[in-house]
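Turn these sequences into a full structure, and let the hints steer you where they fit.
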Amino acid sequence: MGIVLALVAAGGVARAAVSPSQSGDAPHAAHKRKAAKADRAAPGTPVLPADRVEALRLALVSADDGVAIEAAATLGASGAPAAAEPLCEVLAAGAAPARLQAVLDALGKLGEAHQLRADQTTLDALALYSGHRAPDLRRRAIKALGTVNDARATLPLLDRLGDAASDVRAAAAEALAARHEAKAAHRMFALLAMGDAGVAGPLAALATPDMVPRIAELNGTIEDGIIADALGEYVKRPDVPDKLRIDVLRTIGGLSGAVATTALVDYVASVPAKEERASKKEAQKLLDQRGASQ
Amino acid sequence: MKAVRSCHDRATIALGAMLALGLGACATSPFQRAGNADDVAAAVARSHPPAASGRSLAFLVLAGAGGARLAEYDLAASRVVWTQPADVTTRVEVGGSVLVHGSKGTTPNGELVGRDLATGAVLWQRPFPSSEHLYGYALDGDALFVVTRSTTTPNKPTGVLAAYDARTGVVRWQAMLPSARVAGPAVRGGVVAVPVESQYVLLYDGVTGLALGQVLSTEEAATFVRALPEGFFYGSRGLFLLGRDTARGSRHATGYLAAQLPAFVRPTYDTDRYRPEQNEYSALDRNRVLWRVTIADGRPQFRDGLAFVHDYRFFFAFDAATAALRWAYVSAEDAVASTDTGRSILFASATGEIVALDPVTGARIFQAGLPGEVVRGATFDAEGFAPPVTAAASTPPDLLGSLTEIIADPDLRFPALKLFAIEELGRQPGRDVTAKLLQILETEKTSPLAIQKAGEMLVARRDAGALELFTAALRAHADYSAKRPAPPVEILARAIGALGPLARAVAPDLDAHLRLPETSPAAATEIAKALVQIGAGESVPALRDFLTMYRADPGYERDPTALVAAAEALLKLGGSTDRELLLFLAEEPHTAAGLRAHVSRALSETATAAKSAAK
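From first to last, the protein sequence lines are chains V and G.
Heads up: the first sequence begins at 1 in my numbering, then just goes up one per residue.
Heads up: the second sequence begins at 1 in my numbering, then just goes up one per residue.
Source of the hints: derived by calculation from the structure; they are not laboratory data.
None of the values given here were measured: they were computed from a predicted structure.
Honestly, I wouldn't trust all of these hints.
Cβ-Cβ distance ranges computed for the label pairs, FRET-style [unchecked claim]:
#1 G:A522 x V:D65: 25 to 35 Å
#2 G:P554 x V:E70: 14 to 24 Å
#3 V:N219 x G:P501: 51 to 61 Å
#4 V:A258 x G:E333: 38 to 48 Å
#5 V:P49 x G:P554: 34 to 44 Å
Cβ atoms here follow ideal geometry from the backbone N, Cα and C, with glycine treated the same way.
See below:
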């Protein structure tokens, strides 16, 4: 079902479809009731009063892009669950890129605050814009979609791992890593093998131990820094056995460049000061050796 | 070997005798009898078909590590008869017991060299000084006829036809031609033909040098003359069988013949004998039409109804009446020379392979060669050569396979040929062909023109049996991680649309592309049109999404074609809710101006019909 049709059924596009001269008119009762209903949130959740939501809704469809962008930012910053619906209505009705960017950013913020509901309309709208021709919009849609705690969001994220734009791929990889989507690891590895730096961190979060030697074996085929980045993130994972960490750190130590040094430094810094770890000592030793060889 | 005999200074000028038939008697024009059918018919009657030599020889001009050489190869015995050091410039012509070719020599305009056919040994050399330019030569048994342009008197160049004893190089007679604008000759059964002034062909008695007749080509330049067992021919873009009805060469004459050939073919039936450089082995030998004729009641017809095209590595047989492709053969290497022996298509490749093809089927019926050699050019003396079937024989080439091989060939020299191959492939029946056309479209290195042609063929095929192929192609979305480019959606949509409602099942796969970032506006336009053609009412949501997502996109402000197509599709496939959406789009000020204008107009034009439908 297309998102516009969904919103038409819900009255969304019908609202958006009023003529500009009518857009300042008072909203009809149905929307008031709906908005009020939407604000019945869980205790502790920020709440937006219904008429405030309504005012921002109107501002979102204002002829003035500046007003609309500000309204989107306000809704995003509110952290209120009811803020999502007017934002999704803008996506459903379409708008100029600047307004769409602001709307997607706002939805992303709501998502980060765990206030983006996994309803079909939201998912459809974000999935649709994850396929927009403009990479900026795709990246933002992916970021927001990644925050939706629903399995239906996974497929569009996986699709965007194959995106032509590196920042979109990176956003998809980060979202998938955050969702612990293990099935994304193999495609991320394929991207890493192509020298895609944006997937190094996310891959490290998902990589299984058997994948680590394969990452190390990319030495010589892609930039050392990308390998160091991936392995550096991997060793920081709490679930990695310390013995394996030592091997990985030694591999990092064998790589050239500042990124490898940074990975070792980061690792040492990531271990609590009082915690004794063989791997921490090994990292420090490798750093000392690198310093001596300078 | 040094000159055995220089005979230039021994020429016997027999001008008086040459001026018979009124040529010299005419004070105003030497061509007053041009087009005289009686003269020409009588001359042709004197020209007897040459007796078959029964030989099957190839003369190969060799280069490479072994140096410049000339080799005689016996096709029947599959062996080299002899090899001689030779710096061959112009073509080898073969006579009864002699062969003649050009060589650089030591004089400014090179020399002709006569060689013994059995051994290749030099018999004589005939140098050309700076005042004498060689235009061509032909052998009739052991009589050699040479056309030159003399500039001994710089302001008054003259054309000269000379007859020599080909074994000794001694001049037998010499005739002043009525023009200095001369071309290389041909000789058949005692009659010599020499084109002059582009539109005349002069006929001479080979024994005496007496003028016999003059042909006047009125509609087509006569750039060549050619002697074949079946007759004497002249022409340029067509063939005139020399005879009474072609004495005044008109394309309406029964003796005129021209094959229907595809656009990529350079339709010349022989080299331009007015251009001496074409006597050399060159690219012209690799790109030519091969032909033989049969004659019934004076009316020539292409033998087996076929004309053959040699295009570097490729050989084609075409129906001469319709240009329909009969077969295509792909050689591994460039063929540097070829001939139609009457019973086979014979060619030599640049790497020394010698192959004969069955003219009717294209099957290889003979294969031999000189491995490791570099062949610059070749001349064949193999009239009627048709070897017995041996192990070297192949089955007739698979047309689909040959065309696919041509299209996939990485050689960039043949863009027009590839387009032709794609077009021919598209004409072949079968689902496999559709699959191959899709493969061409998806091949990264395919040129834009080839993609366009393959697309046209795919659309024109209307192959409803290939829906699964279209679906599979559409589902192979672009994927950077798999290094997979986007499918050719624009073309696929057109091909699917052409199938109409039969292709409705593919609608969801087209819809998916409306929602993908790599789908170009042009592809989106074709998708929208296709959805209407196949009547995909279920695609309305995808059309709505596309319209709303891009309605205010600045890219579509400049060119709203795709949005307009989607709006049109929505209007045709959607219902009253969709009219509401379109109304919103028309009124919302951020919507692309072109779309707003179009939708307003479309809604107004369809308002009555929509109201009726609603009732």
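Status of each hint after checking the structure:
1. The supplied range of 25 to 35 Å is met by A522 (chain G) and D65 (chain V), whose beta-carbon atoms lie about 29 Å from each other.
2. In this structure the hint that P554 (chain G) and E70 (chain V) lie 14 to 24 Å apart at CB holds, the actual value being about 21 Å.
3. As the Cβ distance of N219 (chain V) to P501 (chain G) is approximately 57 Å, the hint placing it in 51 to 61 Å holds.
4. Against the hinted window of 38 to 48 Å, the Cβ-Cβ separation of A258 (chain V) and E333 (chain G) comes to about 55 Å, which falls outside the hint.
5. Distance hint check: the CB atoms of P49 (chain V) and P554 (chain G) are about 36 Å apart, consistent with the given range 34 to 44 Å.
In summary, the one numbered hint that this structure violates is 4.
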